[in-house]
Amino acid sequence: MAHALPNADTAPAATPERRNTPDLNSDAIRTAREDLAACFRMAARNGFEEGICNHFSAVVPGHDELFIVNPYGKAFRELTASDLVICDFHGNVVDGQGTPEATAFYIHAEIHKRLPRARVAFHTHMPYATALSMTEGEPLIWAGQTALKFYGRTAVDENYNGLALDHAEGARIAAAVGEADIVFMKHHGVMVLANTIAEAWDDLYYLERAAEVQVLAMSTGRKVLPVSKEVAQATYDQMREEDAESAKLHLAAIRRQLDAEEPQYRH
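Using full-length UniProt numbering, the first residue of the sequence shown is number 1, and each one after it goes up by one.
In case anyone wonders, no lab produced these hints; they're calculated from the structure.
Since we're looking at a predicted model, the values are computed, not measured.
Each hint should be verified, as a subset may be incorrect.
[Said to hold, decoys possible] In silico DSS-like pairs for lysine-lysine, Cα to Cα no more than 27 angstroms straight-line: (1) LYS113 / LYS223; (2) LYS248 / LYS186; (3) LYS229 / LYS186; (4) LYS113 / LYS229; (5) LYS223 / LYS186; (6) LYS223 / LYS74.
[Stated by the list, open to error] Restraint ranges, calculated between C-beta atoms of paired labels, are given here: (7) LYS223 / ARG77: 34 to 40 angstroms; (8) VAL213 / ARG240: 16 to 22 angstroms; (9) GLY162 / LYS248: 20 to 26 angstroms; (10) GLN145 / LYS223: 14 to 20 angstroms; (11) GLY162 / ALA253: 20 to 26 angstroms; (12) GLN238 / LEU165: 40 to 46 angstroms; (13) GLU179 / ARG77: 29 to 35 angstroms; (14) ALA168 / GLU261: 40 to 46 angstroms; (15) GLN238 / HIS187: 32 to 38 angstroms; (16) GLU179 / LYS248: 21 to 27 angstroms; (17) PRO22 / LEU249: 19 to 25 angstroms; (18) GLN233 / ILE52: 22 to 28 angstroms.
For each residue, glycine too, the CB sits at the ideal point set by N, CA and C.
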């Protein structure tokens, strides 16, 4: 299902052609690489990965014209910080070995270029959220407390158009986002957009948890009862008060787990 990116420039940064490449060895960039690698590893542990498909990206700290993304051909569970590649919006790899997968490039380049607020973009086919993208009507019913974290933050891309193998399809997906942070891509999967890697991970994790309990509730055959709009909004406001700090602590927790059990993710 995955596709190689055609005509990508994969020359490493140290070659003569790359002598004008900016310094990409700052502490902030290294931290971003390690944070992303931790998210890939934990996503795999939670069953969010799908073979060598799906992709996470983040705009490079200090370089708004570049983004970090996973390379084509590697599964989430094997990625390390140094495996991740940095490329520009034209598909040129300026740091790292390999290239992004084609749909990863066309979707994420357009998202980051057209939506500056989307510093981080996580795309998966994780099962429960993807299942809800395949159903009639709005994906989330707002019946479970965890789902209320996303109240008023979701959009649905209704116009599935096959694989995103060109800039036009990436641009179409970016346009469908609107002001949302969470996009259910009909017949496809989900996209989580955030300002930080920690917030993207936190949303991705809790989105799948919310979707899972909703699917379980729906499977009983009994009517699923949403909370009132007033309670939904009030609960959302309560949750969002400390969401950014909670997300930082969540990411720190998964890094501690991986430091103890899979420290190679840092390499």
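C-beta pair GLU179, LYS248: status relative to the range 21 to 27 angstroms that was hinted: 24 angstroms, holds
field: Range hint compliance [Cβ, ALA168 to GLU261, 40 to 46 angstroms]
entry: Given a distance of about 43 angstroms, which is inside 40 to 46 angstroms, the answer is holds.
query: Are GLU179 and ARG77 spaced within 29 to 35 angstroms by their CB atoms?
result: 34 angstroms, holds
field: Range agreement (Cβ of ARG240 with Cβ of VAL213, hint 16 to 22 angstroms)
entry: 20 angstroms, holds
- prompt: Falls inside 19 to 25 angstroms, the C-beta gap from PRO22 to LEU249?
  reply: 32 angstroms Cβ-Cβ, so the 19 to 25 angstroms window is violated.
query: How does the Cβ-Cβ distance of GLN238 and LEU165 compare with 40 to 46 angstroms: does it lie in that range?
result: 42 angstroms, holds
task: Evaluate the given range 20 to 26 angstroms for the C-beta pair formed by GLY162 and LYS248.
output: 38 angstroms, violated
message: Between the beta carbons of GLN145 and LYS223, is the distance compatible with 14 to 20 angstroms?
response: At roughly 18 angstroms between Cβ atoms, LYS223 and GLN145 fall inside 14 to 20 angstroms, so the hint holds.
- prompt: Hey, LYS113 versus LYS229, does the alpha-carbon distance stay inside 27 angstroms?
  reply: 34 angstroms, violated
message: Verify the CB-CB distance for GLY162 and ALA253 against the hinted window 20 to 26 angstroms.
response: 38 angstroms, violated
query: GLN238 and HIS187, beta-carbon distance inside 32 to 38 angstroms?
result: 34 angstroms, holds
query: Within 34 to 40 angstroms or not, the Cβ separation of LYS223 and ARG77?
result: 39 angstroms, holds
When each numbered hint is compared with the structure, violations occur for hints 1, 2, 4, 6, 9, 11, 17 and 18.
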